[in-house]
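*Asks:* Protein chains in written order, with numbering that gives the first Met the number 0: chain A, 0 to 507; chain B, 0 to 276.
With a Cα cut of at most 27 Å, we get these calculated DSS-like pairs of lysine-lysine:
(1) A:Lys187 <-> A:Lys163
(2) A:Lys488 <-> A:Lys22
(3) A:Lys107 <-> A:Lys42
(4) B:Lys39 <-> A:Lys342
(5) A:Lys163 <-> A:Lys115
(6) B:Lys39 <-> A:Lys339
(7) A:Lys206 <-> A:Lys187
(8) A:Lys463 <-> A:Lys322
(9) A:Lys294 <-> A:Lys463
(10) A:Lys327 <-> B:Lys39
(11) A:Lys115 <-> A:Lys389
(12) A:Lys22 <-> A:Lys215
(13) A:Lys115 <-> A:Lys42
(14) A:Lys187 <-> A:Lys502
(15) A:Lys163 <-> A:Lys206
(16) B:Lys39 <-> A:Lys294
(17) B:Lys39 <-> A:Lys322
(18) A:Lys502 <-> A:Lys22
(19) B:Lys39 <-> A:Lys329
(20) A:Lys42 <-> A:Lys389
(21) A:Lys294 <-> B:Lys47
Calculated from the structure, these hints are not laboratory results.
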Amino acid sequence: MTRKTLLLACVLLVGLGAWAAPKPGGEMVIGFGTDPESLDPNKITSAPAGMVLTHIAETLLLMTEDLKVAPLLVENWTISEDGLNVLLYVRKGVVFHDGAPLNAEAVKVNLERFRKSTYAFLLFPRVNTIDVVDEYTVRLNLDKPFAPLIAHLTHNFVAIVSPKQIAELPEGKDIAEPVGTGPFKFDKWVRGDYVRIVRNDNYWGEKPYLDSVVFKVVPSDATRLVLLETGQIHAMMRVPPLDAPRVAATKGLELLQIPSVRTIYIAFNYQKAPFTDVRVRQAINYAVDKEAIVKEILGGVGGVSDAAIMPLVFGHSPQEPYKYDPEKAKSLLADAGFPKGFKCTLYHPTGRYMKDAAVAEAVQAYLLEVGIEAQLITMEWAAYLAFLRKPVNEATFDMFMLGWGCVTLDADYGLFALFHTSEWAPVGSNRSFYSNPTVDSLLELGRVAPDPTSRKAIYASALKTLWEDAGWLYLHYEGQLNAQRTVAKGLIHHPREYILAHKAWLDQ
Amino acid sequence: MHILKRLVKHRLALVGMWVILAFLVVAAFAPQLSPRDPLKFSLANKLKPPSAEFVLGTDELGRDLLSRVLHGTRVSLMMAVVSVALGLALGTPVGALSGFYGGAPDILTQRLVDILMAFPGILLAIMVVAVLGPGLWNTMLAVGISFAPTYVRVVRSSVLEIREREFVEAARAVGTSNLTIVRRHILPNCLAPLIVLSTLQMANAILWAAGLGFLGLGAQPPTPEWGTMLGRSQDYIRIAPHYALFPGAAIALAVLGFNLLGDGLRDALDPRLRGRL
Numbered sequence: 000m001t002r003k004t005l006l007l008a009c010v011l012l013v014g015l016g017a018w019a020a021p022k023p024g025g026e027m028v029i030g031f032g033t034d035p036e037s038l039d040p041n042k043i044t045s046a047p048a049g050m051v052l053t054h055i056a057e058t059l060l061l062m063t064e065d066l067k068v069a070p071l072l073v074e075n076w077t078i079s080e081d082g083l084n085v086l087l088y089v090r091k092g093v094v095f096h097d098g099a100p101l102n103a104e105a106v107k108v109n110l111e112r113f114r115k116s117t118y119a120f121l122l123f124p125r126v127n128t129i130d131v132v133d134e135y136t137v138r139l140n141l142d143k144p145f146a147p148l149i150a151h152l153t154h155n156f157v158a159i160v161s162p163k164q165i166a167e168l169p170e171g172k173d174i175a176e177p178v179g180t181g182p183f184k185f186d187k188w189v190r191g192d193y194v195r196i197v198r199n200d201n202y203w204g205e206k207p208y209l210d211s212v213v214f215k216v217v218p219s220d221a222t223r224l225v226l227l228e229t230g231q232i233h234a235m236m237r238v239p240p241l242d243a244p245r246v247a248a249t250k251g252l253e254l255l256q257i258p259s260v261r262t263i264y265i266a267f268n269y270q271k272a273p274f275t276d277v278r279v280r281q282a283i284n285y286a287v288d289k290e291a292i293v294k295e296i297l298g299g300v301g302g303v304s305d306a307a308i309m310p311l312v313f314g315h316s317p318q319e320p321y322k323y324d325p326e327k328a329k330s331l332l333a334d335a336g337f338p339k340g341f342k343c344t345l346y347h348p349t350g351r352y353m354k355d356a357a358v359a360e361a362v363q364a365y366l367l368e369v370g371i372e373a374q375l376i377t378m379e380w381a382a383y384l385a386f387l388r389k390p391v392n393e394a395t396f397d398m399f400m401l402g403w404g405c406v407t408l409d410a411d412y413g414l415f416a417l418f419h420t421s422e423w424a425p426v427g428s429n430r431s432f433y434s435n436p437t438v439d440s441l442l443e444l445g446r447v448a449p450d451p452t453s454r455k456a457i458y459a460s461a462l463k464t465l466w467e468d469a470g471w472l473y474l475h476y477e478g479q480l481n482a483q484r485t486v487a488k489g490l491i492h493h494p495r496e497y498i499l500a501h502k503a504w505l506d507q
Numbered sequence: 000m001h002i003l004k005r006l007v008k009h010r011l012a013l014v015g016m017w018v019i020l021a022f023l024v025v026a027a028f029a030p031q032l033s034p035r036d037p038l039k040f041s042l043a044n045k046l047k048p049p050s051a052e053f054v055l056g057t058d059e060l061g062r063d064l065l066s067r068v069l070h071g072t073r074v075s076l077m078m079a080v081v082s083v084a085l086g087l088a089l090g091t092p093v094g095a096l097s098g099f100y101g102g103a104p105d106i107l108t109q110r111l112v113d114i115l116m117a118f119p120g121i122l123l124a125i126m127v128v129a130v131l132g133p134g135l136w137n138t139m140l141a142v143g144i145s146f147a148p149t150y151v152r153v154v155r156s157s158v159l160e161i162r163e164r165e166f167v168e169a170a171r172a173v174g175t176s177n178l179t180i181v182r183r184h185i186l187p188n189c190l191a192p193l194i195v196l197s198t199l200q201m202a203n204a205i206l207w208a209a210g211l212g213f214l215g216l217g218a219q220p221p222t223p224e225w226g227t228m229l230g231r232s233q234d235y236i237r238i239a240p241h242y243a244l245f246p247g248a249a250i251a252l253a254v255l256g257f258n259l260l261g262d263g264l265r266d267a268l269d270p271r272l273r274g275r276l
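Bound-form chain A, shown alone (with noise of 0.2 Å):
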């Protein structure tokens, strides 16, 4: 009898072994919702193009799906006393798809030619020289403490790739085919339709059990449901948030909730009356009940942001909300001189952000309530962002919306770029030519503080500055809905609005 029940249960573990085992083989189609603007590690600005290009280019630090840093092609670090130095011992065995060996010289090569990088702001102008102290050490010396590097070093942008690749690039040419080290090959890319990364069986990691992942380009959300549905694709970022229950009640499928790093505002020309005045941005905020908006529209996915980045960011504290209050926004705008309001212009996206465009179409709804009669234009995202990288004296619009994914999970990421003076528009990313000294002085004060703990009290004291000069229109931060077929299993949804099928496998 025991023997026979212990023969079962053998049994019955190796079926169940079997049937959990990963099967190697197969396609795996992703439908996301925007192409990406490029390949180029120096070129992209976006999540969705980060999501592909980290399948075949690697990154020296890897943040994990739980938020964590963790080696990744650099192995280990350490941090001089002073902060001037920081030594990254790169992993040795690891080569390129084109066969070239990954070492010092290569990584050295990567981060100055990231110089010149739409980002290159996570590492530079902090970091002087980068010096090979040995085959396998990079040293990166700095000119003043930078507490943010190592988080930095994890962005999806600064990615590793072949360096014979880049010496073979011709001079003003982008890279179209990355060569990085990852577990995938770039095979082929049909602007706008989709990209196609092949296995790389050379991979010194875990090898990947799927021969191919195709990330196909749905701009519509409910298309891309729709293609989930028939079986076309095995898995989608973005689920409409009203569909969720239909498709969490639907055999074959999986509704998945995940955080979002990423945070949704609206920003003002901060040079243009009448944006100049604090008492009318404030009117602005209380006039929109953010809520309702969370609510309804988002179906309750993500939250009202009480900051300028969301929660899980490292700096983050929570402010006393700008409750709904069109009375207090009525007199604000009085007291500044607009009982009647005004006219403006209201720029937005459709199709990149979780219902942008009903987002928008609501709270041009609740401006109209206080008298603010905003106009709503939306523009195809490649020329959205250009249109919002033009130089202050060019620029024309009145009131933009906008997201930004704090992917390093540091406030210095989410707040730098988009608060700091020098940051303005077209150089950096503050396109809302936001300038207050007191937060130029605290942002720079956080980068070279030492330790978390005053790190995170300068934080606290820039978010509240900035949310009492109500410098955006505080809106949301997302979370992200994602769906997959039951037959995909293994597939990762990173909090950076990545799907990760490194470790991904079709049970069929």
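Take the given structure of chain A and dock chain B to it, following the hints.
*Replies:* Structure of chain B alone, referenced to chain A:
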């Protein structure tokens, strides 16, 4: 009188006429007929199905769909009238002069019209909007401009026929100036095809304006416009089908009305069909 009598006998045309009449009444009295302000929103009431409170349900911001569809009648009819008038005003003189004078200017204009007509009209309209930017007035301008080539063609072909008739000859013999001949003798005789064309183009104008709105290039929010509403509704079609249904039905009905009337008018105005109806 003849024509009206024949039109009344044409049963489908009569249906079309009643439909259009109904839309005209709705357009004229939209504020009185609407139970609510079409811009009044309440997020808590979003995407409600038709009920006693909201007869046609609500949209994604909780606005009353009935009020929005009723106000949309105004917007759509106005867009149709303005763009057809624009097409007429642009196309008729060009067509008349081109047909009357003939020769090199005629060939030149007709080749230009050929080029314009090689594009599907809606594409031409999209092109115009792309240049001018989206919006209600630009939509009318775009649709009007893309209608002009058809008017040029129709007017020209009528003029070619009429200019050879005896009464034109007679007018010329007594020394009437060319411009007066075109104005007093030729254009009035082109009226029949123009009336038919304009009625049919009203249907097209509604459809195109709605199409541009659907693509987000037409009337901008919060303007209640059928096509824009239909465009917004597609995200919610699985959970709130009523949102797509009613603006869609309004577009279909208005287009049908103008098409039926246009067909009836063509039959009534065609001398060859006289007596057969």
